[in-house]
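Generate the whole structure from the sequences, applying the supplied hints.
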Amino acid sequence: MMAKSSRIKSSSSDRSLGRFAGEHGIGVFLSMVFVAPIAWAILSTFKPPMEARQPPIPPWPTTGFSIENYITLDSFGAGLWHSAQNSIFVAISSVVLTAVISLLAGYGFSRFRFPFKNLFFILILSTIMIPFQSILTPIFLILSWLGLQNTLTGLVLVYVTLQMPFSIFMMRNSFDAVLKEIEEAARIDGATNFALLTKVMLPLVWPGVVTVGLFAFLNTWNEFLAALVLMTDQGKFTLPIMMTAVQSGRFGAVDWGAVQAGVTVMMIPCLILFLLLQRYYIRGLTAGAVK
Amino acid sequence: MSSITAKAGVVTPAAPARRRSKIDRGHWVGLLYIAPAIVLVTVFFVIPLGMTAWMSLHNWPLMGQHRFIGLDNYVAITKDVRFWNALKFTLYYTVIVTIAIFAVAFPLALFVEKPRPMNGVYRTAFFMPVVVGFASASLLWAWLLNVDSGLFSPAAQQLGLTEKKFNLLATFNPAFWSIIVMVVWKVAGFTMVILMTGLQSIPTELQEAAKIDGANAWQRFRAITLPLMRRTVALALILSVAGSILAFDQFYILLRGGPRNSTITAVYWIFNQSFVSFKLGYGAALSMVLLVILVVLSLIQLRLLRNPEGT
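Protein chains in written order, with this note's numbering: chain S, 0 to 290; chain Z, 1048 to 1358.
Among the hints, a few may not be true.
As the list claims (entries may be wrong) - Chain S regions said to be covered by chain Z (calculated; three or more residues, Cβ under 8 Å):
1) 104 to 111
2) 114 to 126
3) 149 to 162
4) 237 to 244
5) 252 to 266
6) 272 to 286
Stated by the list, open to error - Some chain Z residues near chain S, calculated using beta-carbon distances under 8 Å:
7) ILE1085
8) PRO1095
9) ILE1124
10) THR1125
11) VAL1128
12) SER1183
13) ILE1300
14) VAL1323
15) ALA1331
16) LEU1337
No wet-lab data here; the hints were simulated from the structure. The beta-carbon is built from N, C-alpha and C at its ideal position, and this holds for glycine as well.
Laid out in structure tokens, this is it:
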């Protein structure tokens, strides 16, 4: 009896060890498949320009380390760093505006009663059903009527609008999750509405704000079609538009080393933010999926 | 001690009055908090939406006067062979890419859902392409797929798989499947996470009970996992379908609609009509068609998700 049970135990632990190794083998292999294209691009940007023109086998530089590709990139059109500045301005402004506006709206929808409240809420949420691709032409005209055509400010306002349904949904839920008693206590202590929001509520809904800001950053940093349509002046190009122009040969023969340097500049902030704030990202994703 | 009691005694009767005044002011204060959001959504969404409908009834060039022409644009759409071809291609792409994404994402979700050390690392690795954006991913793959300076065709040649360099982007089928591979790489992690949340909501007791009853892995997947995940699968499906119907970036950046205009999607065609040919009225009418398709899809989504049978 004893012997039998110990034999079963050892054979099952052998099997589970084999299974363990097999599963982790699969895991490591698949992880490499998914990360490989990104790693390939980043490694190859450090090749000298001559080598960068050759097929990237192997991906890492073999004839010496160089940052020439990044320097070349700045010579196209208005320059990479100019476009990078545009992208940074657009992304940061969109993050801040999205966070502030959805914070206020989330608070309003969660804590106040006012006429047509549900109507307004449904109006904002229902915009998610309509593809913004289908209303770009009028947006283009409205921006020019407002004197904002071809301005980064105009692009920011459009981007912030597109973030509204998700962000307000997220922030209202964040406020709903805060106990009413905390607010009541602060109110009795004489806090005004605004102080209540910034001093008491903000720390409590901060995870929601981070989630909203993270999505706003990733979406606006990477957005392509609206920027392509609305920004017609090369000085206003964001990184994706600029790099597409470089890749299409608009500035002469395509320099793939430089294109991958640009792609790297576009990818790195997203990857860093995601790795740092992964928890908040998954939170945002599942908030939509569960509700 | 007595002073505290006295204080509390003072506050209690004052509270109802305070509450009443809060509700009165609340009518305005609440609106003030949501006002910025409402203004933005009105100016950059509701009004443009109305304008799209209005413009679709006009001949509306970029410069010069626009002219009311009734439903002429819509009549023209029925005869616009290239639009219907674009729509057909978009649907073909949507079906294929959605199947491909699920074929990869479902096994991935089952793989990372099991509690196991290192799983967080795998999950993160599979998810990384999701956050880099379609434009970056397309530019990256434009390089990998490039016939001379890229990775795939020179590698295939060096390995002796092809005699000379094979241009993957020159003909329809290799180009189309290259895009499918790129999109699956980029999106599978996203679908995986959605499916994973569904898997995690299934009580483990159910699986255990079925295991004891002698059900094998496939039977358990068919009889327990899939039915209980209906809602999650529906959500992942709808997100994938809606995203694919609106595809633009990858076809514009990687293929420029080629080879020989065979990969122009619906959004690409609207973009061409509106912002290359500057037929704004006609573009608006095309947009309305696309919009109707997506709203119908969203309504189907709501029905699928609301169905009480699912959890």
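Which of the stated hints cannot be reconciled with the structure, identified by number in ascending sequence?
9, 10, 11 and 14
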